[in-house]
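Participant: Protein chains in written order, with my numbering: chain A, 1 to 380; chain B, 1 to 294.
Read the hints as simulated data drawn from the structure, not as lab findings. Among the clues, some could well be false.
[To be verified] Far from chain A by the CB rule (all over 10 Å, computed), these chain B residues:
| # | residue |
| --- | --- |
| 1 | Y31 |
| 2 | K76 |
| 3 | E87 |
| 4 | I139 |
| 5 | T230 |
| 6 | P232 |
| 7 | T261 |
| 8 | E267 |
| 9 | V288 |
[Said to hold, decoys possible] To give an idea of the interface, some chain A residues facing chain B are shown, with a C-beta separation under 10 Å as derived from the structure:
| # | residue |
| --- | --- |
| 10 | H113 |
| 11 | R166 |
| 12 | D184 |
| 13 | E212 |
| 14 | A214 |
| 15 | S215 |
| 16 | G257 |
| 17 | S263 |
| 18 | F311 |
| 19 | L316 |
| 20 | M367 |
[As the list claims (entries may be wrong)] Quick list of in silico lysine-lysine cross-link-like pairs, BS3-like style, CA-CA up to 30 Å:
| # | chain 1 | residue 1 | chain 2 | residue 2 |
| --- | --- | --- | --- | --- |
| 21 | A | K81 | A | K111 |
| 22 | A | K175 | A | K240 |
| 23 | B | K231 | B | K205 |
| 24 | A | K240 | A | K302 |
| 25 | A | K175 | B | K76 |
| 26 | B | K292 | B | K231 |
| 27 | A | K131 | A | K49 |
| 28 | B | K292 | A | K111 |
| 29 | A | K238 | B | K76 |
| 30 | B | K58 | A | K207 |
| 31 | A | K175 | A | K235 |
| 32 | A | K98 | A | K131 |
| 33 | A | K235 | B | K10 |
| 34 | A | K111 | B | K226 |
| 35 | B | K10 | B | K134 |
| 36 | B | K58 | B | K205 |
| 37 | A | K111 | B | K286 |
| 38 | B | K205 | B | K226 |
| 39 | A | K302 | A | K207 |
| 40 | B | K292 | B | K226 |
The structure displayed is predicted, hence computed values, not measured ones. Using N, Cα and C, we set each Cβ at its ideal position, and we do this for glycine too.
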Amino acid sequence: MDLFEYQGKQYFSRFGIAVSPGDIADTVDQAVEVADRVGYPVVVKAQVKVGGRGKAGGVKLAQDADEVRLHAGNILGLDIKGHVVHRVWIERSSEIAKEYYASFTLDRPNKVHLGMLSAQGGVEIEVVAEKNPDAIAFLSIDPVRGLDLATARRWVDEAELDQPAREQAAELLVKLYDCYTTGDCDLAEINPLILTPDGNVHALDAKVTLDENASFRHPEWEEFRATETEDPREKMAKEKGLNYIGLDGTVGIIANGAGLAMSTLDVVNQVGGTAANFLDIGGGANADVMASAMEVINSDPKVKVIFVNIFGGITLVDEVAKGVLEALGRVSISSPVVLRLDGTNAVEGREILAPHLSDKLMMEPTMLDAARRAVAFANA
Amino acid sequence: MSIFVDENTKVIVQGLTGGQGRFHGLRNRDYGTKVVGGVTPGKGGTDVDGVPVFNSVKEAVEATGATASFVVVPPKFATAAILEAAEGGITFIVCITEGIPAHDEAITYNRLVEEFPGVRLLGPNCPGIISPGKCNIGITSGDIALAGGPVGIVSRSGTLTYQALHELSQKGIGQTTCVGIGGDPVPGTNFIDCLRAFQDDPETKAVMMIGEIGGSEEERAAEWIKLNMTKPIVSYIAGVTAPPGRKMGHAGAIISGSKGTAQAKMEALAEAGVHVCNNPTEAGEKMVEIVKAL
Ligand SMILES: CC(C)(COP(=O)(O)OP(=O)(O)OC[C@H]1O[C@@H](n2cnc3c(N)ncnc32)[C@H](O)[C@@H]1OP(=O)(O)O)[C@@H](O)C(=O)NCCC(=O)NCCS
Numbered sequence: 001m002d003l004f005e006y007q008g009k010q011y012f013s014r015f016g017i018a019v020s021p022g023d024i025a026d027t028v029d030q031a032v033e034v035a036d037r038v039g040y041p042v043v044v045k046a047q048v049k050v051g052g053r054g055k056a057g058g059v060k061l062a063q064d065a066d067e068v069r070l071h072a073g074n075i076l077g078l079d080i081k082g083h084v085v086h087r088v089w090i091e092r093s094s095e096i097a098k099e100y101y102a103s104f105t106l107d108r109p110n111k112v113h114l115g116m117l118s119a120q121g122g123v124e125i126e127v128v129a130e131k132n133p134d135a136i137a138f139l140s141i142d143p144v145r146g147l148d149l150a151t152a153r154r155w156v157d158e159a160e161l162d163q164p165a166r167e168q169a170a171e172l173l174v175k176l177y178d179c180y181t182t183g184d185c186d187l188a189e190i191n192p193l194i195l196t197p198d199g200n201v202h203a204l205d206a207k208v209t210l211d212e213n214a215s216f217r218h219p220e221w222e223e224f225r226a227t228e229t230e231d232p233r234e235k236m237a238k239e240k241g242l243n244y245i246g247l248d249g250t251v252g253i254i255a256n257g258a259g260l261a262m263s264t265l266d267v268v269n270q271v272g273g274t275a276a277n278f279l280d281i282g283g284g285a286n287a288d289v290m291a292s293a294m295e296v297i298n299s300d301p302k303v304k305v306i307f308v309n310i311f312g313g314i315t316l317v318d319e320v321a322k323g324v325l326e327a328l329g330r331v332s333i334s335s336p337v338v339l340r341l342d343g344t345n346a347v348e349g350r351e352i353l354a355p356h357l358s359d360k361l362m363m364e365p366t367m368l369d370a371a372r373r374a375v376a377f378a379n380a
Numbered sequence: 001m002s003i004f005v006d007e008n009t010k011v012i013v014q015g016l017t018g019g020q021g022r023f024h025g026l027r028n029r030d031y032g033t034k035v036v037g038g039v040t041p042g043k044g045g046t047d048v049d050g051v052p053v054f055n056s057v058k059e060a061v062e063a064t065g066a067t068a069s070f071v072v073v074p075p076k077f078a079t080a081a082i083l084e085a086a087e088g089g090i091t092f093i094v095c096i097t098e099g100i101p102a103h104d105e106a107i108t109y110n111r112l113v114e115e116f117p118g119v120r121l122l123g124p125n126c127p128g129i130i131s132p133g134k135c136n137i138g139i140t141s142g143d144i145a146l147a148g149g150p151v152g153i154v155s156r157s158g159t160l161t162y163q164a165l166h167e168l169s170q171k172g173i174g175q176t177t178c179v180g181i182g183g184d185p186v187p188g189t190n191f192i193d194c195l196r197a198f199q200d201d202p203e204t205k206a207v208m209m210i211g212e213i214g215g216s217e218e219e220r221a222a223e224w225i226k227l228n229m230t231k232p233i234v235s236y237i238a239g240v241t242a243p244p245g246r247k248m249g250h251a252g253a254i255i256s257g258s259k260g261t262a263q264a265k266m267e268a269l270a271e272a273g274v275h276v277c278n279n280p281t282e283a284g285e286k287m288v289e290i291v292k293a294l
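Could you put the whole structure together from the sequences, leaning on the hints where they help?
Facilitator: Set out below in structure tokens:
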């Protein structure tokens, strides 16, 4: 789950990482009220989960209430790369002497954590990595040992941060690592991390991605989840515990497991169709989950046919079959359904459906046959 | 021969008394796997359909001589169970649990490497391993596999592992061993581990490798193949048509920017001499050709 900048900053604060004083606003009046409270000059920043906000006019400096009114008025409702701004973050403007970059993420090939630190912050780190890779100090961190202050001190030396920033930066990096690990982040990134003329180091931006698998030990994440703006189909699917991504085609797809679901998209595409969605019912789905999946797909007006592609492992095919019948009984499924069922309890599953097969409910022996049949309906 | 397991492998099931542990543990036993015990803290002394349950891995190993473990324990407790297995003397651990936090996986993986260098972890979030006719540890339905070789399978995606087995078995081609390595960010066993074992296994004559978008494991495997692999490999990468920037279920299956795309992986593998196919069926057909020509 990606956080908005303001949520990232709130999260950072919990781990003692310094951020500028500020607050959120959803209306122009609120924006002025917040700005009056934090003190001028302020920066008004669009809260959208996409890069390039500054260039799009989503970040503005305001000297007084009138300017806040003007900028907040322009930014709220602004469309930045398809993301409409509903909320702004207002914070006290910081004087900047230097801009740095710092982040932690998992180094998947080496199975350790990777810290990246650069004295060249404020620009996209990908650009720095390409044009001037020596400007990034990489640090591999053994997840068992973690990051201590002594190592962080050597690291800021190596990255050649300005002398007055080094001690504070080292301390902040240890806190950021704590946020990354104890806070269960997939990514914790600060760009820019700034040094002010009076010698203070703090985070001017926050990019945080949380690991949803760790939700069970973070009840406080509930408030972040509440602000997730989603496609209504995706929202409905999530409520039912399904892994759904809306696409633009006409073949509705239901499969078990991410790999098979992706493969189903591939095959539908190869035989001349287009997928309306990606839907993975997950491992061990029961009849009710399957029925919900059918309902979600059915609610998509673009769908002309539903392709159910199941290879049972931990998911039992007879449960899937029951789910299909349950869905057919519960709601009127408007599109024809093409099934391909294999794996654990497939024989039982096929038997359950056999008496119900018709020109609206069809079974094919292989994934490719089923894809061809489904696409024939979709393109008819 | 098979890799990692064989007909003599003795297996305990951690979580045998739970819903899935019972179902799949007993299915594994019925397949012919030597399932010699189960472990659930607090339930020692009971049994599940005749399989004795112990309070700890240590006790189970002492009583049964098991060397392998099947971990079917919910995400919250799974990494503790994996470490308990290693501490208890198990050398091959299969964990199917889905939804373990990435940081727990990272710590567990590195602790295993540092403290238990002789232990191999398969998974988490994987279907397990099956050596047809000999041993099945995990959630793969045994009836879709065909004994006798000559093909080894390694796959990153659960259900596509079954699909791969099915494609080959349907065409009358047997498997030596099929390993599902799982799609989580920190897999205990990776493509290269399996490719190396298949290369060294005299009965495996060809390998089917199923990858998916995200990460760079397939690219790394391609590098290794170029230098070390002499046996033919057929490959399929799922997610050719996946829209960029979206996370498709597995923590692994995310593409951001150009790296990690199916295209990049397919090119790297093709360049290493792998037969790259567009879907599982095509991969199965290609394997038929290869096996016929052996
Ligand atoms: C692992 C998983 C299957 C467990 O689900 P489950 O069987 O429904 O869970 P249950 O709660 O019924 O059983 C878990 C058992 O483990 C036991 N357990 C907990 N901690 C344990 C430990 N450290 N050691 C041994 N057993 C433990 C529990 O006590 C419980 O047994 P009980 O019911 O007798 O008390 C589930 O969490 C999961 O990950 N499902 C998805 C699997 C999947 O699709 N994987 C990907 C395949 S590609």
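Participant: Hey, is V288/B genuinely clear of chain A, shortest beta carbon separation above 10 Å?
Facilitator: holds (15 Å)
Participant: Minimum Cβ distance from F311/A to chain B below 10 Å?
Facilitator: Holds - the Cβ of F311/A comes within 10 Å of chain B, reaching about 5 Å at its closest.
Participant: When the nearest CB of chain B is found for L316/A, is that gap smaller than 10 Å?
Facilitator: At about 9 Å, which falls below the 10 Å cut-off, the nearest Cβ of chain B leaves the hint on L316/A intact, so it holds.
Participant: Have a go at the S263/A hint: is there a Cβ in chain B nearer than 10 Å to its own Cβ?
Facilitator: holds (4 Å)
Participant: Checking one constraint from the list: CA of K131/A to CA of K49/A, max 30 Å. Satisfied?
Facilitator: Roughly 26 Å separates the two Cα atoms, so the pair holds.
Participant: Run the distance test for K111/A versus K226/B: straight-line Cα separation, threshold 30 Å.
Facilitator: holds (23 Å)
Participant: Holds or violated: K238/A with K76/B, Cα cutoff 30 Å?
Facilitator: holds (21 Å)
Participant: When you check the alpha-carbon spacing of K175/A and K240/A, does it fall within 30 Å?
Facilitator: violated (37 Å)
Participant: When you check the alpha-carbon spacing of K10/B and K134/B, does it fall within 30 Å?
Facilitator: Distance of about 11 Å is within 30 Å: holds.
Participant: Compare the distance between the alpha carbons of K175/A and K76/B with 30 Å, and conclude whether the hinted pair is satisfied.
Facilitator: Holds: K175/A and K76/B sit about 25 Å apart, inside 30 Å.
Participant: Would you assess whether K76/B, listed as outside the interface, keeps its beta-carbon beyond 10 Å of every beta-carbon in chain A?
Facilitator: violated (6 Å)
Participant: Please verify whether K98/A and K131/A have alpha carbons no more than 30 Å apart.
Facilitator: Holds - the C-alpha atoms of K131/A and K98/A are around 20 Å apart, at most 30 Å.
The structure fails hints 2, 4, 11, 21, 22, 28, 30, 31, 33, 36, 37, 39 (numbered hints given earlier, in ascending order).
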